[in-house]
Amino acid sequence: MLKKIRFLKVFLLTFLLFGIVQMYAQQKTITGVVTDAETGETLIGVNVTFGSDMGRGIVTDLDGKYQLSIPDTLSSLRFSYVGYTTQLIPITSDVIDVVLQPGEILQEVVVVGYGTQKTKEVTSAIARVKPEDFNQGNVNNPIQLIQGRVAGVSISKPGGDPNQDFTVRIRGLSTFGSNTQPLIIIDGVQGTQAMMNSLDPDDVASFDVLKDASAAAIYGTKASSGVIIITTKRGKFEAGDKKTFNLEFNASLTSESVAKKIDVLTADEYLQFSNSTNYNNTTDWMDEITQNAFQQTYNLAAQGATKNSSYRISFNYRGGNGVVRSTGYEQLNGRINFSQKGLNDMLTLDFNFSGTLRKEEYTQSEALGFVARYNPTAPVMATTDSVDSFSQEWGGYFQREAFSFYNPRAVIDQGTLDGQKSNIVGSLKATLEPIKGLKISSFYSVEQRDELFGTYWSKEAYWTPYAVGSHKGFARMSTEDHFNQLFEITGRYEKKWEHIGFNVMGGYSWQQVTNDNFWAYGEGFLSDGFTYNNLGSASVKKANKETLGSYKDQATLIGFFARASFTFLDGIYLTGSFRRDGSSMFGENNQWGNFPAVSAGFDLAKFVDLGFVNQLKFRGGYGITGNLPPEPYLSQERFQVSNEMFFYNGEYIQAYAPVRNANPDLKWETKQEMDFGVDFYMLDYKLSGSIDYYQSTSSDLLLEYTVPVPPNPADRMWINLGELKNSGLEFAVSWKVFENKKWGWTTNFNFSKYFDTKLVKITSEFVDSDATIYLGDLGAPFFTGIQTILVEEGQPIGQIIAPIYVGIDSTGQLLYQVSGDTIDGVGTTPDQYDDYHTVGNGLPDFELGWGNSFYIGNFSINFFLRGVFGHSLLNVNNARYGVPVVMGIQSGMGQALDFIDATNGPVYSNVHVEKADFVSLDNFSLGYRFDFPNSNYVSNLNIYLSGQNLFTITGYSGVSPEVRYGDTYNNNNPLAPGIDRENTYFRTRSFTLGASISF
Amino acid sequence: MKRLSVSFKIALVVLLILGLGAQSCTKLEEPVYSELTADKFFEDPDNLIYAFGVAYTNLYQLMGHKYGIGFDAGTDILVVPQRGGDWFDGGEWIRWHRLEYRPSEAYVNRWWNIIYYGVNTCNRLIFQFESLEDVDVTPAVSELRALRALYYWWLVDIYGNVPIQTDFNVAPDFKPSTNTRQEVYDFIEQELLEVMPHLSKETGLAYFGRMNYYAAQMVLAKLYMNAEVYTAVPQWEKASKACDSIMTGNFSLTGDFFTNFEEDATTSPEYILGIAFDQVNAPAFEVHLFTLHYNLSSKYGFEDNCWNGLSVQESIYNSFEEQDLRRNGLLEGFQYLDDGTPVVDPSYEKFNVEDPTYIDPDGAPLNLTPAINMLEPKCLRQAGTRVAKFPFIEGSDRYTSNDFPIFRYADVLLMKAEALMRSGGDIGLALSLVNEVRARANATPFTELTYENLLAERGRELYAEGHRRSDMIRFGVLLDTRWEKPDVSPSYVELWPIPESQIQANPNLIQNTGY
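From first to last, the protein sequence lines stand for chains A and B.
Letter by letter, the first sequence follows residues 0 to 998 of numbering that gives the first Met the number 0.
Letter by letter, the second sequence follows residues 0 to 514 of numbering that gives the first Met the number 0.
Chain B extracted, bound-state conformation (with noise of 0.2 Å):
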């Protein structure tokens, strides 16, 4: 082999230099495959609805999930007891239901992240709808309104003295102030009288769970008829004649009770605002794993195994008569599957020396007794009565496709009622009116209208749809001594605390007294 020239030698060098490509070579941008970037996602005006879904989705977590609002936990309705060493949590059901409250309960804080997330949802939403051009955005911005003042009207029914947020655009660092209750409710009051005129009037699938006019009206008579709570001053006038825009409609009451909670309710005339959960395309709704006994998932063909949780006291098991069709939605009594076979649980309380007083009634059949032994710490596992107001599906799994209504029509007329009752209105109206729910019911009617009755039928009408604390509040006896609570609360707990956490990272939040 010849030697080689150290021109060649240097040649051969620049050569293998030059094999960089000196273009590319310092070239760094990579184009994303599988993600939707902002300036793609809103180039196109199709896009907006799919934007607009978020704000509602929301709502499926809130209501749907088992420390959902839905669930009536700490009151008088529904409970979930300490079976031993299944459902002590750390003692937050315990406490929820005695109404001791602590600013670090991890529901707290997540009903407040849930609902501000809506809140600030609606806010981004009407952000950026308001910045595009050639549109007209007035119905879509009025309909955000009014969902941001329901979700403001849940923040002021439980947490009371919140920030009022309608600004997106704030500085990076900026943290929000507490506003009083009477702010909040004046803020609600305003904006929804503000976007009224703007909101659909039309009803059915088209406007099936977003706020039109009737929805909007709903929020509004909630807010007035617990003004006196929220505010001092009572508003039964301003409630009652929101009920009348209501009834204006062409709502009505379904024939059979259950319709309204079925797989499948969205046509239910009964229905103001609701939610259509499905187990596959919109899966948050977990009822039936939460309040089932363990042995009933093969009795309803589920593929999850149920959790025993959810409860009905038997206080409101015994304010049902009866023949009221209602009771139905409390499932009792010992269980069979569908030949005839009794549904056994195998793991029930045997004799045990040391305790001799924690032992199953009845033995292994399942039998769910409406009494219930105690909350705490060992409650039967068999004891208590279940929810199945929203008829069990077959072939459910981890969640399950009943519809769940925010507000009914049903609602409606009691809240009528009770605002004639207490304005010194029509009595025989108001009698009449409740009469109608309860005729639906197959209840005999009452002959005469009490705020004792009225409460209890408001119970009856709409447990495990979340509207009963703050009933109960309403009418002055959430904090009464009742069944496993055996002192009276003070008064502060009418309110949740604001979320530790919340106010360990805002320092401008102001913790409501008390706690």
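This is chain A alone, in the form it adopts within the complex (with noise of 0.2 Å):
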């Protein structure tokens, strides 16, 4: 009955705070001792205290013993010590003895595949993230979370697009492109970064990342990438017959606007171009096309837990739009995580499940380019100064028929391109533990993801992705549905004896992956009313396969693993883990791939006195992970119709032909990665760290190549051949540098030093494929065939290629280092394989983060440095528009006034390629905290300002200085890395106010 009360106040949601009337009643005297868990010690100097402010109380003898006068309505004592954890133990009778347990540090757990593991423990690099860590601010997905906080994880954007993934590396490349996202596990359901968009980052718990083989190796030939294990909140079960229910309530609205803008020519400074054509009108594009942002999130969740029983139940609304015009989204998120003990506490049932609606509006991206080159004189609309019926026939929006000129605003305004998206996320896991120690459990889960979008171009569009200046109206409609199924049985037996423990665990996973793709098109339409709502009303259907199309795959995937450990004298740590998985994405000789891995640890603290130091744990590791193949049945022999068609008797009739050869070899691509490390906790456990040295081999890597026709039927198929070699270090600390009632400063550094990424081998004397590969074409206007990117066997990758720029001659010719025969080595036309050389490279040497948060009473601020270094970029914006020859009716880049002199081009040098170091203030917060503690209703109150990139400190002339992992314009190609394409979102700063509260 009290229950119910109290909830229903609850909901009503008041503010008002209650005063309890404090009686000053009867004292009484409790006595008691306290000892050490473990050892059986007694403790001196524990806190024993109580109070409203915890500020009252008395500190244990050399005895251990306390004595204690306390009111007699007191219903519990605490009790405190450093390095042990704090108890709450209710006043039962006069005499309480307390046992405490060390370390709430020495007692942490951090998730390892399948099961956990004690931190002090583990044998692997595992880099443990937990909610006082993460990003704080405008954080719309989950990994934003932990950007920058974990060593050797390397997470990046360029620019602020709401609905863009996260590019995730975890220690570097090791693959050519199958798949160089880490593997990601919500719960125990394993999936990719796709099923991760949909978690609200405030349902996450904590993250544990396994960074390296040894820890990795259980998750087999899906783990070469790294794993990124993410636990989102639950309830915990009550000891005791306590009930407890928490509800907690988050808001916040966070302005965005752009942090850069594209430096191009103003008016003024283009109409100095002897060549300009002058509108007689302002406009900055870049304002045009940008807005200021604004989005909002609200959260609402719901904790209780009996002795039995526990839940969580969330709901999350997050929406808003971008900085670029017609970008938003809309995101509706439940989740319901539930656990039930039963017969006997024998079997635990958890049971969660989340959906994840969420509504997407993009822009039309080469919007972004055309910005770059549209003639900053012209003005947005077609006024009466300037208007033509041309630029009538487009919408009024002013157009001209010139080459590559699109005005940016219209084509953003007439585009509508929306996508809607449903992630449903369901498991089961029933764990029985028959005896104690060995625990039986079975899991099955589903992933149900749909994806549905729909695009639409207005007849009055003057420019369309299909046709320039054609009075049609584009239609199409696409869905994506990707099914998910995974059903695992794990055992495990754990026991401890006085000096030696061990844990062993085996099992079987079972998983199913399937997709399912249909798309639809259609052209000209009575009316622009419709958008892509219609599609079978469209006149012209274009009679090749751009119409309609479907497709689906499935592919399975079985392993078997098992792992034990062991711990000596509690100072030496050992595991070994196997995995064998069989994948019927691989070619029939080589169904089933073997894992192994072992790991070793010895804590010298355990042994030797070391002082301050209170564990500095030595550990190495070697293992051997896999890789799946980008897509299924690319070990088989495929036709294709071909584009074009025959034509045959008087009718044009399918072509084929076989585009893929058979490989029945095909397999998984091999990782074998070795790690060393030692891990430290110092000063009374305040401050902890680690440092790891780590060596990978990539081999067997899966690449598309071309082979000699005869004696194949087709010319491409995809083989087991290229290497990498990777290898890096790592430095994490985390120092509670300060911590008391008032105040506190805690501090967190981390530091990733890349060594370069090198391509071993490439070839074989069986393909076609050169030891020389070059890529990063640049593309048309200007650039067809120029290429930028070297790869090339035994050398790093991420080379950028430039020929070298000298200067300009008296009759304004660009000048370039040419190897040809001319007089001192300079000319007008560098050749593209003799005078190209490395000017930079497109992967970072090094990277930091260093956060710090400060507590003084009830405020807290908190901040964030990230720095990203030894990469560099090559501007495509400058390459393409830097030059006055490229202007007419077109404007072009700032950098054109460098060049002003110049009477040709464009040509790509050395000049457009620059160095992208930088190191940006990620965030900083203010917050202050309202405690209520002798409310009964509500507990706590926070409100909080906090900004995201308010600063950027980089030499970089263009957009955004982040690292570009792959080349966006050839599907993300990794080989690529380093241009910056036209098309990149800007990147951007903002501010956020929130508040939350708990009941």
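These are computed hints drawn from the structure, not numbers from a lab.
Watch out, some of these pointers could steer you wrong.
[Said to hold, decoys possible] Residues from chain A that face chain B, not an exhaustive set, calculated with beta carbons under 8 Å:
no.: 1; residue: F248
no.: 2; residue: Q653
no.: 3; residue: N972
[Said to hold, decoys possible] Pairwise CB distance ranges, derived in the manner of DEER restraints:
no.: 4; chain 1: A; residue 1: M380; chain 2: B; residue 2: P345; range: 10 to 20 Å
no.: 5; chain 1: B; residue 1: S176; chain 2: A; residue 2: T837; range: 27 to 37 Å
no.: 6; chain 1: A; residue 1: D844; chain 2: B; residue 2: I358; range: 26 to 36 Å
no.: 7; chain 1: B; residue 1: W482; chain 2: A; residue 2: D844; range: 22 to 32 Å
no.: 8; chain 1: A; residue 1: G535; chain 2: B; residue 2: W482; range: 27 to 37 Å
This one's a predicted model, so the numbers in the text were calculated from it and none came from an experiment.
Even glycine gets a Cβ: it sits at the ideal position worked out from N, Cα and C.
Two chains, two frames, some hints: make the complex.
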């Protein structure tokens, strides 16, 4: 009855504070002894406290004993001691002896594959991030919570597009392109970053990143790119007969703006050029396509527990727009995590379910490139001065018929690009513990993700992706459905004696992934009003494969795995694991692969007294992990209808040709990694950190090669041929410098050094490919066939090549170092093969992150700096539009002013490849916490103001200095990093005001 | 809750494990839903014709693309000048015009790859057909061999010394070796003579775009006409006989010259071998965008922007008589929309004090002048007449649907005339054949035939059809100086280099001398 009333009052969401009248009552005396749970020894100096501020109390004496006078009505006493878990003991008698468990810290666990392990026993490189270290402020994707926080994990996104994914790289590049994404596991459900996108950041309880192979090998062929394990918040079973209930509500508002604009010519600068055309207006095209964005988030979470059951329910809403016009999103997400014990605590059932609905709006990204050259004297809409029938035809936007010249505002306004995504993830786990120490679990999960996209270009759009200057209207709809089932059985047994302990685990895993796509296209609509919702009314249906299409594929993955860990004398640790994986994606000769791992650790501090060093654990590990092919069926011969039809007897008929050869030897990619590290705790566990050195060799890398025809029927084949070598150094430290009731300061620092990723091998005598591959074609206009990235056997990945600029001669010709026969080695047309040299590298050398949090009374201040160094970027806008010659009716980049005397070009050169080292203040927040200890309802209220990307220090002239890990114009090819393509979304700065209240 | 006995606990454990379902626990096969695999494809004999098509559709990219054979670059007819920042493309068009080929040129590699793809497809299909039982594959195999001979004719004409490859069943590390030009010539001749009896003499829609008897004779004629170039031994008599064989078929010149280049020329009596491009079903022909000025897309209702590239050199424009109807295939002069409004180029070259000569003579109104001020670097945007031989089709998008004649009858008449002239045959007959072609074009008949006017006539008739380069070599004038080609070229450029990437991939190949 009491519980119901409490519930009711809570749901009314009152902010009223009630004072509780404290009656001065009778006193009584309590005595007792406090001992260590593991050693049995008495503990000296333990704080025994009570009262609303826990300020009243006593400490235990040299014998571990205490004696205390307390008010009669007091219900519990608090026992706390550095290095031990604080306990709140209910007062049930006059003598209370307490046993304290050593260290929250020493009892801490990390999640390793299929289980947990005590942090002190871990012998691999695993990083755990807890909520106090999460990034704050405008965070809309869970992975952003740990951006920059984990050594060796590089998370980047060049701009602030709310609908774009982050690129996550753990310890560098270990594949050519099959799967550079790490494996994401959320509460046991294995999936990809797409599944993670539907998880609300407010539901995340912790991240555990399995960085090295000895930790990740338990996931076998899915683990080469690293594993990120996410645990969501759940209720905790309550001891005794207590029932608990918590309610929390958060809200935040964010305002976001463009941090840096493209450096284009202003109207005045443009008019200096002799071939400019003046339309007598002044337009800042960057302003025309951007806006100030607003976002809001709301979450409500309720959590409750009893002895046998616990639950957490949450509802989340987030929505807003992006800084480029016509971008936005709205997401509704609900989650329930429920656990129930039964059969006398022998059986535990965990049920998790989450559903996410997300609507997205995208902008036509080509407009971001057109902005770089649109005439700054042209008006946005055709005014009466410049009006002509041509502009009026195209919706009134100013337009002219000229080469590569399209009104950016019109391109954005006249294209509708929408997406609707739904993601349901559900799992059920039953764990049986028939004998103490033996646990058997059965786990089944399902993920269903449906994405629907609709795009429409108006009849009045001058530019569309399909045609220029057509009055038809173009519509396309497509769906992408993804169904992922996982079934796993694991058995675990652990036992500990005085000096030896062991833990064994074994299991079976079965996963099936099905993808279904469908698309339909039509052009020629009577009215723009239908947009893409009446495809059947299209007057023209392109009679080739663009009209309609569907596709389905399915793959199965089966694994058997086992792991055993031993601890000796509480200071020597040994772990070994093995996994055998088979996949339908592999060729029939190589269906099963083995992935073993072994690691060991030794804590010097347990055997030798090291003074202020509490733990100094040396560890080393070695493991083999694998990577799956990028899609199913690659080992099979494939025929394809040619785009061009054959004219036979008066009709066009389909022409079929083989496009891929069978490869029954196709198998997984293999990565062997060795890691040496030190984990340490110092100063009474206030300072913790680790250092790691790793070296890995990725071999049998898959790439589609050109093979000789004959004897092969087709000229393409997927072969496991390549090899990459990677190594690096990581350092992370976290220090609670100061912590007391009044103020405190914690600082964390992490540093990752990436040595060059070396391409050891990419050819063999059986394929037609070269030891040298050129990538990064800059494309039209002006640069068709100009290749800017060099991939060469024996050399590092990521080399950006360019000719070397020398100067301008007296006739205004641009000059470059040329090796052909010229006087003094200088000429005007550098040769792609002879005159291009390495001028930079697209991958970074090192990264660092430094975070600090302070609290002063109820104020808290937090800031986080992140820096990335050693990478270069090719500024494509500058390369294309950086000389006067390209202007006319079109304008160009500010760089053209540096080349104002040039009379030829554009020529791509080292001038356009710049160092992009940067440091940015990723976030800065200020918070204040109101406590209501005397209230029965509200427990606290937190208000915060935070800013993101407040400043970035960099020498790079482009819009964003973040690393580009892949070429966005070429399927994100990871072998071609470092090119800053024109369609990059802008980097943003945002301010968030938020409040959270818990009951 | 009662305490459960140990045996019950064990039973629970066993039940959980049995939940595996033992059979399916290691099954890994997956059906393929959306693709054809080899076992399904050749099951059905009706599928054979679909496999055939790829050997022919390969021709689309070879002829219709801007780097295609059809566009007569590097000759005295067509050119792609550098207009300021546009069409510089690393200097490749300039080098092409001046015959300064580098083995690393993209187009040199591109043609090699496309032609050898054709050869390989023919070899693969011959291999696959010959292994079929119970089917008479002789007609199909003969057609494929003739098609392969056509591909080899381009190879011997352009690259000269190339590997002859007929076998599909080779070892995985097989790398073919270079054969001499003479060997390739002999191979082509032998192949064609062998399959000739088995080729169909049918013409008409069923054989449009396919190798029949007449198309094979045409390849033979081309081979013999250029025999002196390929082997240093002329074969004018044999060339003449091959032309006679073609003339026994019921070919004739169309009444209107331009009928052969329209959207649907499949019923033209003049076509011997052609390609039926179609912007939807066989998209590859891009002459309309390649040649027209940027501001002409709306005049012709194109759904894509024009590129202002391919232009016609002044010398050939001037070589036409005023009344020659074929000159209408060169778009020139001021341009107007259908309602009479002049087409305007708003980015025309305005007066620039630093370079006063770089200025458009008549300002914004678009005037395509026959005179081209220079090849590079500052050719005027509006300079040069454009290739309008393929009548522009309203509503074309990225590709256009005009048909393209690889070989046509007018060429046969001109070749016969040339063969007669060179072998000291009936000059009167030769003259009348050439005048037949001229009469169709409404040009005044020649009174006498010389090498100069015959070469010029071939240019006027066959421009933008891909014959000019080999004609100029045969007449011995390719290396001469001409407009924007101040130097006499060394004789080795009469052959293209073997592409650099091919030599790197295959050490058995030998580069042509001089490169």
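Worksheet item: Can you give the numbers of the hints that this structure goes against, from lowest to highest?
Response: 1, 3, 6, 7, 8
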